[in-house]
Amino acid sequence: MVREGSSPGGSGPASPVIWALPAVVIAAGTAVAVALVSGPARTPVAWLGAGAFVAVALACGAAARRGRELARLRVTVAEQRTALARQEAETVRLADTLLPDVVRRLREGEFPEDVLASLEAHDAHGPGLTPEFRAAHLAVLRSVLDAVVAEEDLRESAQRAFVNIARRVQAIVHQQAQELRDMEDRHGQSPSVFGDLLRLDHGTALIGRLADSIAVLGGARPGRQWNRAVPLYSVLRGAMSRIIDYQRVELHSVSEVAVVGPAVEPLIHALAELLDNATRYSPPRTRVHLTAVDVNAGIAIEIEDGGVSMSEEARNRAERMLRQAQQGIDLNDLGETPRLGLAVVGRLSQAYDFQVSLRSSAYGGVRAVLVVPQDLITTTSAATGIAHGIGTSSGPRGALTPAAGDTGGATGGATTGVTGPSRPATGPSGPDAPAVTERTPSGLPQRRRKTRVTAPASAAAPAVPPAPDGAAGPAGASTTTRTAATEPEPAPHVQPGMWLAAFQSGLSGDSRTGADQNSDASPVPASKGEQP
Amino acid sequence: MSDPDHRHGEGYGWEDGSPERLYVITGGRSGSLESAPLDLVTLIVARSAPAPGMQPEHAAIMRMCQAPLSVAEISAYLSLPVSVVTVLVGDLLTDGDVLARAPVARAELPDLALIEAVIDGLQKL
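Sequence order for the protein chains is A and B. Mapping of the first sequence onto this note's numbering: residues 1 to 532, in sequence order. Mapping of the second sequence onto this note's numbering: residues 1 to 125, in sequence order.
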């Protein structure tokens with residue numbers, strides 16, 4: 001409005017002058033003509049001139065007025081065109097950026113009110129838009145927002161229902177697994193019952209994995225939580241225990257590390273799904289190889305099967321599925337997903353930074369590699385319980401304290417360090433012992449222990465003088481000094497000889513000290529030895 | 001000492017214990033067939049130290065059997081059921097890594113005869 005007033009003002013001084021010009025010309029012409037013509041013609045000429053002047057003046061006035069109006073109209077048209085263009089741009093922005101952005105933010109869990117408020121603030125400095133237009137846009141946004149929110153709510157409640165059910169199944173399965181374990185302990189001596197229990201246990205574990213999958217797809221954690229690090233070996237076997245064809249999985253070298261507690265269950269589950277794929281899509285007679293090696297990024301766990309090779313297209317499809325799952329999966333899409341497992345793996349690897357890749361294997365099958373990042377890996381010493389029962393086994397074997405120290409990381413590599421030195425030492429002592437027992441029954445069948453003790457001593461002097469015999473020789477002389485010497489360091493390989501020597505001393509009369517020292521070193525073998 | 005610890009671990013297994021099940025340790029075998037010669041009181045002796053690539057349970061048995069141990073004791077130490085231990089020891093036996101010694105029963109047989117003789121003698125009195 002202001003500008004409409006000002007623009008005629010700008011052209012105002014020129015146009016009246018221009019439009020006055022013809023009238024002035026007519027007036028001047030008339031005056032000249034009146035002056036030039038003769039007397040009688042002067043009056044009519046003057047009249048005509050006056051009439052022409054009036055007519056031209058009127059016409060010019062009308063033209064000037066219309067011209068001004070035209071200019072004003074042009075200005076308004078231009079204004080409106082720019083406004084229209086702005087509105088169009090705004091509409092395009094709404095469709096192209098605002099709506100997707102809003103939907104994305106809602107999906108990410110922002111509150112609809114916040115989203116709307118930020119939009120309004122953003123819109124405020126979009127100039128030249130009528131309030132009605134802005135209100136209409138906001139209305140559109142709001143209705144879309146409502147629709148999205150309603151859909152998200154629906155999805156969320158569906159997922160919650162899924163997860164809820166899965167959790168209940170998990171609880172039942174877990175309880176059942178525990179009871180099965182108790183039963184396995186109780187009926188461990190009758191192999192037929194035990195075999196049945198193992199089968200039941202296996203079936204229960206499969207159900208548990210299914211429940212875990214549902215929970216993961218519902219956006220929740222897989223289930224159990226471990227509050228301490230678990231050795232990788234146990235994790236791998238835990239994954240094996242959850243698939244049908246676990247007997248076909250061959251566990252190869254496993255680097256001796258542990259997985260931090262929070263990542264244990266997801267890793268087990270992801271590996272179980274990958275193993276399940278590997279065993280399911282390879283011929284039943286072939287083996288599936290499972291290895292775990294150190295890489296720069298962490299630990300690479302490889303699952304290699306000898307099954308049908310994956311075509312490039314199938315591989316792409318599988319990897320795409322992994323990626324899709326990483327971006328978040330829609331429960332509605334799952335019906336079309338042929339391999340549920342990959343969706344689960346994708347979900348887990350997204351949540352825990354596992355890197356999963358599928359390649360064709362040198363065996364012709366598929367080679368799945370899952371890289372566990374370094375920050376989810378810890379040393380085995382942090383994991384108290386080594387593989388099943390091994391942790392406890394090292395406990396009572398506190399007998400072999402030095403050995404236990406060596407084999408603290410019992411699972412794999414640490415044993416190599418022990419076997420190196422100790423094997424040659426114990427090698428001869430192994431054959432020695434049985435030879436002794438075979439001699440005994442002929443002589444004194446009842447006193448096996450005693451004969452066996454005496455036998456190495458007798459054999460020690462003439463035949464072989466290796467380390468254990470040297471230990472056994474002074475055994476007769478002074479028990480206390482020898483035990484004191486052997487107790488600190490060379491326990492692993494001297495121990496058998498030690499043990500026998502202690503027996504000898506015990507039998508020869510110095511029972512108290514011998515038994516005590518033995519119980520220091522190896523409590524239960526000693527008591528065991530005395531019983532028979 | 002660590003036995004009670006372990007028991008607790010098993011009891012509150014929701015967050016503790018071990019993720020692996022027994023059938024994985026035995027490879028699905030229940031110890032019914034080939035392990036006939038083994039008994040609860042059969043003494044097991046390792047012939048050597050555990051080899052590097054061994055299954056941890058095998059390695060543990062090898063290690064603890066440097067001195068002779070009965071199957072029942074191994075089972076108790078590993079806190080694994082006897083059938084599992086039977087399977088594991090059976091594996092080691094077939095590989096020749098351990099030796100099984102006949103249970104003490106044979107050594108007690110003469111005892112029985114002696115006792116009978118004593119009883120007879122007593123009855124004759």
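Because the hints were derived from the structure by calculation, they are not lab data. There may be inaccurate statements among the hints.
[Claimed, not checked] Some, not all, of what chain B presents toward chain A, calculated at C-beta under 7 Å:
| no. | residue |
| --- | --- |
| 1 | Glu20 |
| 2 | Gly28 |
| 3 | Pro81 |
| 4 | Ser83 |
| 5 | Ile119 |
Backbone N, C-alpha and C define an ideal beta-carbon position, used for all residues, glycine too.
Here is how each hint holds up against the structure:
At its closest, the beta carbon of glutamate 20(B) sits 4 Å from a beta carbon of chain A; the interface hint therefore holds under the 7 Å criterion. Given hint, glycine 28(B) at the interface with chain A, holds; its Cβ is 5 Å from that chain's nearest Cβ, closer than 7 Å. A cut of 7 Å between beta carbons decides the hint on proline 81(B): the least distance to chain A is about 3 Å, and the hint holds. Annotation: serine 83(B) was flagged as interfacial toward chain A, and the flag holds, the nearest CB pair being 4 Å apart, inside 7 Å.
A least Cβ separation of about 18 Å between isoleucine 119(B) and chain A goes past the 7 Å threshold, and the interface hint is therefore violated.
Hint compliance for this structure: hint 5 is the single one not met.
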